[in-house]
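Colleague: So the chains spell out like this:
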Amino acid sequence: MGDAEQGSSKGKMISLEKVRKSFMRGREQLDVLAGLDLTIEEGSFEALMGPSGSGKSTLLNLIAGLDQPTSGKVIINGSDIGSMSEGQRAGWRAANIGFVFQTYNLMPVLTAVENVELPLLLAKLPAAERRKRAEIALRAVGLEDRGGHLPSQLSGGQEQRVTIARAIVTDPKIIVADEPTGDLDRHSADEILKLLEKLNTEFGKTIVMVTHDPAAADRAKTVHRLDKGVLAN
Amino acid sequence: MGLVTIAARNVWRNKLRTVLTLSAVTVLVIFFLLLRTVIWSWTASAEQASRDRIGTRHKVSFIMQLPRRYVEEMRSIPGITQVAHASWFGAKDPNHTDDFFGTIAVEPKEFLEVYDEIKVPKDQVEAWMQDRQGCIIGDALAKKRGWKVGQKIVLSGTIYPGDWEFHISGIYTADKATVDRSTLWFQYKYLDESRPLRLRDQVGWIMARVDNPGRAAEIAKAVDAKFDSRDIQTLSMSERALQASFLGMVSAILRLIDIVSVVMVLIMGLILGNTIAMGVRERTHEYGVLRAIGFLPKHIVLFILSEGLVLGILGGIIGLAIGYPFVQKGMGPAMEENLGAFFAFFRVTPELVVMSFVLAALLGLIAAIIPARTASRLEVVSALRRVG
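Residue numbers (the numbering used here), protein chains in the order written: chain A, 1 to 233; chain E, 1001 to 1388.
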């Protein structure tokens, strides 16, 4: 694990320049990110840590293209997120970002393989091809024998693995994970972290993970600490 | 798997709520079918009235009588081919005073010529013509009362008090579904000869066949013009208009039923809308996830509208599956048998089946519009923050 220093010689995957993000709370302006600069290399595994309200999730949302900065530039994989419309960002997210959420967020009416298949509905692929890719993704997370199970029939760790399969099924370059082990016991959390490491080392995915868990942060190559909207290190 | 499939599965996520919603929609569809059938059945006789018949009544009111000589005079009006008169008698079976059926005095031969949709076996017609106290009754009335040909019955007069004995000469059927098959038609001379002298030679209304349905209005005017300078003037109109004028008396009731049926449609929409809105509110976070992984607002709209449509279609199908046989096989025959004078043909029309289904489906769709718009306009980050 490194600590804010980047040792890779690969190209920039994520670049934030003087990024500010403000919200209005009543008449008061709240600066969640205050002129933040950050560069993340392609193929790195980075953790964002910090106390509640430090801006971790806001930063992750900007990197994932879910939100736009108030000012500054967010360049992800060569695309300027700030200049995109909502529709363009949605298409861009579908192609470039895989999401792993703390609460899994699987559709309860869909089986594991159907949940994994969900992002592929946006790609113009034949149904058989979609299913095949979903099954491959499930195999990659070790759940090939659970494809027909509903989320309610899976353990928390298995649900999170399905979420990871859904995140990688479109083969995105970046995976953003928001507290991916927050709802899991230690054993399940370790399995998820191993899986993320594998995606990073074997498949070259750039991973940005928000976490409160020091054990989870230990798995990252770099840890960024945020405090009051700026990087502390 | 597609968005519509997922939406259809979402309908069953909260089974209790869906079952309760579908039950409410089913009940409303049944009542809608019933009320619309009441309206249709009540107005069907006017809608399906013969085009080549005109009716003539007293100009002031149809409860006032016309001189019988007008019948003969009308025969000479160009375009009129056959004429028959009828007089409302108003009698009840003393053993079933709450049961209503029509009792009308006519000249048998003229009546059967003008109303040729009424079918009676030839020998029974002969028997009726030869018996001053003879009558024919509809097969529905015969079945309900267990009356047979040749049987003597005694009715209590209401307009003309006293016991009136009739001999059942025949039982009629009809080749038109909207013909009332629960009326008793009897010989006019039996009524007329039994009345006081001052009331004789009067008839209730006159029906005439015309040679050209296209000239019916013109001929009706000619009839009224003929009697315009007399003490008793007439009002003539096509059979359809005449039937409609009878319906005028109950138009307020029909309007009320019409309004209630519309209110039911609105309630159906509100119930569907409430269920969809609750489901959408509970799933806002999921829509946030869908938006995060690349789905557009239009996909969310499609998703929610599909759910509304599926709910509406299901409600329509279940409502019709229960309501159609209930009205068609259960209430229909019972209404025709017991209230044949008002509901000669009480059945659900194919058009009403289609209308009920389309309405239920459309309501599901319309009820989903506002929740769909609201969900699609949420910012992704806000939607992801919502829980439950």
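If you're looking for bench data, these hints aren't it; they were derived computationally from the structure.
Please note that the accuracy of each hint is not assured.
Claimed, not checked - Chain A stretches covered by chain E per the calculated footprint, using a threshold of three residues with CB under 8 Å from any CB of chain E:
(1) 53-67
(2) 198-210
Claimed, not checked - Label-pair distances were calculated between CB atoms; the ranges are:
(3) E:V1019 - A:D171: 41 to 47 Å
(4) E:V1019 - A:K73: 34 to 40 Å
(5) A:D171 - E:V1260: 57 to 63 Å
(6) A:G156 - E:V1027: 51 to 57 Å
(7) E:D1258 - A:P126: 47 to 53 Å
(8) E:A1321 - A:A123: 21 to 27 Å
(9) E:P1325 - A:G156: 29 to 35 Å
(10) A:T201 - E:A1321: 55 to 61 Å
(11) E:E1282 - A:G156: 19 to 25 Å
(12) A:A123 - E:L1256: 27 to 33 Å
(13) A:K198 - E:T1005: 31 to 37 Å
(14) A:A128 - E:V1381: 31 to 37 Å
Quick reminder that beta carbons are idealized off the backbone N, C-alpha and C, glycines included.
Colleague: Now, for every hint given, state plainly whether the structure supports it.
Modeller: Consistency of the hints with the structure:
1. 53-67: Coverage by chain E holds for the segment 53-67 of chain A (4 residues, Cβ < 8 Å).
2. 198-210: With 0 residues close enough to chain E, the hint is violated.
3. E:V1019 - A:D171: 41 to 47 Å: holds, 42 Å
4. E:V1019 - A:K73: 34 to 40 Å: violated, 53 Å
5. A:D171 - E:V1260: 57 to 63 Å: holds, 59 Å
6. A:G156 - E:V1027: 51 to 57 Å: violated, 42 Å
7. E:D1258 - A:P126: 47 to 53 Å: With a Cβ separation near 51 Å, E:D1258 and A:P126 satisfy 47 to 53 Å, so the hint holds.
8. E:A1321 - A:A123: 21 to 27 Å: violated, 40 Å
9. E:P1325 - A:G156: 29 to 35 Å: Given range 29 to 35 Å: violated, Cβ gap about 49 Å.
10. A:T201 - E:A1321: 55 to 61 Å: For E:A1321 against A:T201, whose Cβ atoms are near 59 Å apart, the range 55 to 61 Å holds.
11. E:E1282 - A:G156: 19 to 25 Å: holds, 21 Å
12. A:A123 - E:L1256: 27 to 33 Å: violated, 57 Å
13. A:K198 - E:T1005: 31 to 37 Å: holds, 32 Å
14. A:A128 - E:V1381: 31 to 37 Å: Holds, since A:A128 and E:V1381 (Cβ atoms, about 35 Å apart) stay within the stated range.
Figure legend: structure checked against the earlier numbered hints; hints not met, in rising order: 2, 4, 6, 8, 9 and 12.
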